[in-house]
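Engineer: Below are the chains, spelled out letter by letter.
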Amino acid sequence: MTDKQTDNAVQTTGHAWDGDLQEFNNPLPRWWIWAFYASVAFALIYWILYPVWPVGHDYTKGVLKVSYESNGKTVTRHWNTRAKYIEDMQTGEESLKQKAYLDKVVNASYAAILSDPDMMAFTRSIGKGLFGDNCAACHGSGGNGVIGKFPNLVDDSWLWGGTVEDIHATISNGHRGFMPAFRETLNEEELDEVANYVLSLSGQAVDATKVAAGDKIFNGQKGGCHFCHTHQATGLKSVGSANLTDAVWTIADVPHAADPRHKLEAVKAVIRNGVQREMPTWKTRLSPEQIKLLTVYVHELGGGK
Amino acid sequence: MKFSHESIEINAGLLIVLTLVAISIGGLVEIVPLFYIPGTVEKVDGVRSYTPLEQAGRDIYTREGCYLCHSQMIRPFRDEKLRFGHYSLAAESQYDHPFQWGSKRTGPDLARVGGKYSNAWHVQHLKAPRSVVPESIMPNYPWLLENSLNYSDIADRMRALKKVGVPYSETAEEYQANVKKFGQELADRFNINLADESLLAQAESGNFDGDRSRLTEMDALIAYLQVLGTMVDFSQYDEGYFAEFR
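First to last, the sequence lines map onto chains A and B.
Residue numbering for the first sequence follows our numbering, starting at 1 and increasing by one per position.
Residue numbering for the second sequence follows our numbering, starting at 1 and increasing by one per position.
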């Protein structure tokens, strides 16, 4: 380095600052020059292969072609991302692999799918994505739901039924969960009694005299709770009323209540204000195959009947 | 002085001018032709301008910087189709000023979020995202429910958009043109002279935030979110149709 400087082998820009500061005029590094030529060559090849230059109201199309099916005919067009997309959807390796599985699952009965490990493995893997995109926003990515808002799908308690047929109907058509508000019908005293009775159904420690009074309201004309929840309080699938005997809480957050008083308040609030929940209709957004896969996936999440 | 590479290098002003020229060639060649090449904007039915309420919601969307984390452009790839739905068309954002395409996806793409979730879910999710999606990193936007919607300047906003080509109407002729193009009901919504009435009527009938007693920013934002990506009915087109425009 110092040698070069002293023997003036390197060309300089001719200026000298402060007496001895010079600027070398070295040629560009060889690797850089060749990378530059290579990128020019790449551009020229690209211009030939792909749509590139605007010409008047049109543009050069390039020589690459893409073929796909459209309206029952084979269409061949110049290379473009939309044509590539259609080709990928129709004949891409991954699409065909998935299609083979989809055809198999669509043509199989639910019983056959559930007993076939290969189809179940496919359902689990594709169902996770479908569930994540469409269901997880409300039910949570693991399906645990949110108490008070969206039902838990991983336990074996079902409001609208847990067979594959029930789940299929629920996803396809949606549901409206409704319980009337009792704030006009029952006074605070009576709300307290019914709430005591409801808590006693799943074995919570409560006030025995109030339970007896609540029983009368629940199973009598005054409250009429039994119309939907039945005299056994096990709920009715046809109206989506909750089973109150199983200690599974979907609306009143009893499990997280700090003490018996808060548990009572949680139940009372639900009776006082009623319930209005909506599960959307999915048959307009999802294909029949997707609904079928989701049905199996949700059935397997927990306690499918 | 002889013009040489050196004269560019030692003259900062000339260097700046020539750099700008070189860079703008790229923009001119890539962008300008899109304005006159037919087929840039696909011919599809259903794309319309935003109603005053939706436009107010869109302004809140940009005010809150939603575009910093959410794109509104689904690309034509199989994986994007499987996750978000049909890829976005240029026609779908022809009345968007400014467009919200973006390429930064910290959150998911929102180009087709319309109709995917209920209004109640959106209210809960915007107020406290983690109460419905525990793993979410989206900030809370509780003030959307607290702030009353200020729509005093909505007519002016529509006038500004009309200047850049959005089909809102002010004169009788423009209104008739809208009736022909979008039908009576929508043409009424796009009438600048009835902007306030139209905005209030849509908020009243839609009840987007679940509280009829107040008109909040939440009402407007959800009205906007619920229309995103829903204007074109893709079931009436063969997939090959859109590729013909490329």
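Don't read these hints as lab results, they were simulated from the structure.
Fair warning: there could be bad hints in the mix.
Stated by the list, open to error - Here are a few chain A residues that face chain B, going by a calculated C-beta distance under 7 Å:
no. : residue
1   : Pro-54
2   : Glu-278
3   : Thr-281
Backbone N, C-alpha and C define an ideal beta-carbon position, used for all residues, glycine too.
Engineer: Taking 7 Å as the limit, does the beta-carbon of A:Pro-54 come near enough to a beta-carbon in chain B?
Structural biologist: holds, 3 Å
Engineer: Quick one, is the A:Glu-278 hint okay against chain B at 7 Å, beta carbons?
Structural biologist: Hint holds; A:Glu-278 Cβ to chain B Cβ min 6 Å, cut 7 Å.
Engineer: Min Cβ distance, A:Thr-281 to chain B: is it shorter than 7 Å?
Structural biologist: Violated, about 11 Å.
Going down the numbered hints, you'll see the structure goes against just number 3.
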